[in-house]
Amino acid sequence: MNLTARLHATALIALVATGLAVPTSAVGAVAPSRPPALPESGSGPAAFAYLCANPKDPEKLPTGPCDTWRLVTAQGQIFSVPEAVAWEKGRDPNEDGGSGSFAISPDGTRVAYHRARDDRIVVRELTSGKSWTIPYQVPTGLPGSPFSLKFVRDGRQLTIFADDPEVATLVQVEAGTAQRMPKGWIVLDADPDTGRVTLQDEFATSSRAFRTIGGGRTVTAKIPVYAHKHVIWGSFAARDGRAANLVPKEPPACGPDMTPVWLAVFSTRTGKMTTVKPRLPADVYRADVIDWLNAKEIVAATGRERPGKTPDTAVGSYVYAMNVTTGASRLIAKLSTTEEVYRDSLEVGGYAGAQGRPAAGKVAKPGKRGCG
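Here the sequence shown stands for residues 329 to 700, numbered as in my numbering.
By construction, these hints were calculated from the structure, which means they are not laboratory data.
Ideal Cβ positions, reconstructed from N, Cα and C, are used throughout, including at glycine.
Careful, some of the hints might be misleading.
[Said to hold, decoys possible] Below, simulated BS3-like cross-link-like pairs (lysine-lysine); rule was C-alpha separation at most 25 angstroms, straight line: (1) Lys557 with Lys577; (2) Lys458 with Lys478; (3) Lys384 with Lys417; (4) Lys511 with Lys417; (5) Lys600 with Lys577; (6) Lys600 with Lys624; (7) Lys662 with Lys600; (8) Lys624 with Lys478; (9) Lys417 with Lys388; (10) Lys624 with Lys550; (11) Lys605 with Lys662; (12) Lys605 with Lys550; (13) Lys458 with Lys417; (14) Lys605 with Lys624; (15) Lys458 with Lys511; (16) Lys511 with Lys478; (17) Lys478 with Lys557; (18) Lys662 with Lys478; (19) Lys577 with Lys550; (20) Lys511 with Lys577; (21) Lys511 with Lys557.
[Unchecked claim] Pairwise CB distance ranges (calculated): (22) Ser361 with Pro467: 31 to 37 angstroms; (23) Ser476 with Lys600: 25 to 31 angstroms; (24) Ser456 with Gly392: 30 to 36 angstroms; (25) Gly372 with Pro579: 21 to 27 angstroms; (26) Lys624 with Lys600: 15 to 21 angstroms.
Sequences are here, hints too, so could you generate the full structure?
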């Protein structure tokens with residue numbers, strides 16, 4: 329994921345605390361009311377999209393004026409996307425339902441979503457209005473989107489990861505081709521010049537691995553279980569044979585301490601690991617790698633504690649570029665909004681061209697956080 333130099337420093341990063349509904353903010357955000365529809369063309373690059381929680385709904389679901397995806401441009405304009413599946417109530421009255429899948433390209437120029445009228449996946453270019461219908465058969469019979477969408481490197485490649493069966497599909501958007509990946513593996517990287525694809529097994533725990541497919545060869549490399557004494561957990565981002573991960577003090581459990589203690593970089597062909605201490609502000613309580621910004625830096629979505637305020641800021645409220653050799657970080661995005669985001673229904677676009685300042689304050693240290 330990348331951001332063009334034109335984008336403002338304020339952007340929004342995907343919420344990674346699954347199931348958490350928190351207030352977040354965005355430039356120009358308004359109280360719940362349905363914004364005007366996204367124009368067919370000329371809207372300019374997007375910064376983020378989200379579903380809001382309707383404060384008048386007993387369960388704060390994305391209903392009423394919150395029943396469409398909100399797309400916010402880099403200039404702070406807010407549009408609704410009525411043709412995209414936003415929220416669908418399930419047939420079982422005991423279940424909440426499901427949200428639609430939505431993605432923004434790294435530079436913010438394209439969006440991808442599940443089109444409601446015909447259950448197709450569409451990629452749409454925001455400036456020109458050109459669109460592509462993706463050659464993928466959407467499973468039916470379930471509320472929302474039974475898959476997730478993510479752009480790889482730029483807006484030319486899209487991955488679709490189905491919930492059942494757990495199969496990823498790599499799509500070349502403009503060529504209209506789709507390549508099915510091995511079951512249970514997610515796509516971390518795909519080099520459009522060489523055709524090399526980097527995968528990670530999604531569901532293994534103690535035996536996770538990278539798999540590189542290219543040049544007529546398939547290479548599998550085991551991911552180490554520990555970085556020093558800490559369990560390697562959470563998301564990976566890969567590019568050109570390297571994968572990065574921010575290792576927390578403790579793995580997720582009942583209120584664990586997720587303070588990042590190592591920035592680990594792996595060879596996706598050998599599994600060899602190097603580590604450096606991440607230099608983040610002392611109040612960062614969780615951080616997840618979401619992409620490579622350039623050859624030296626990764627992008628991390630973080631949450632920072634604000635003692636005495638409830639709830640704490642969401643993971644992704646502060647976005648940092650981090651040097652993989654020194655651990656030095658610089659703030660490239662900070663977000664806020666007047667609307668409540670529904671659970672994790674928040675998607676980001678663009679940050680590669682963002683300029684930021686070095687992170688101030690003391691380096692993050694594990695705090696007394698947990699079940700106690």
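Legend entry - Non-conforming hints, listed in increasing numerical order: 4, 7, 13, 15, 17, 20, 21 and 25
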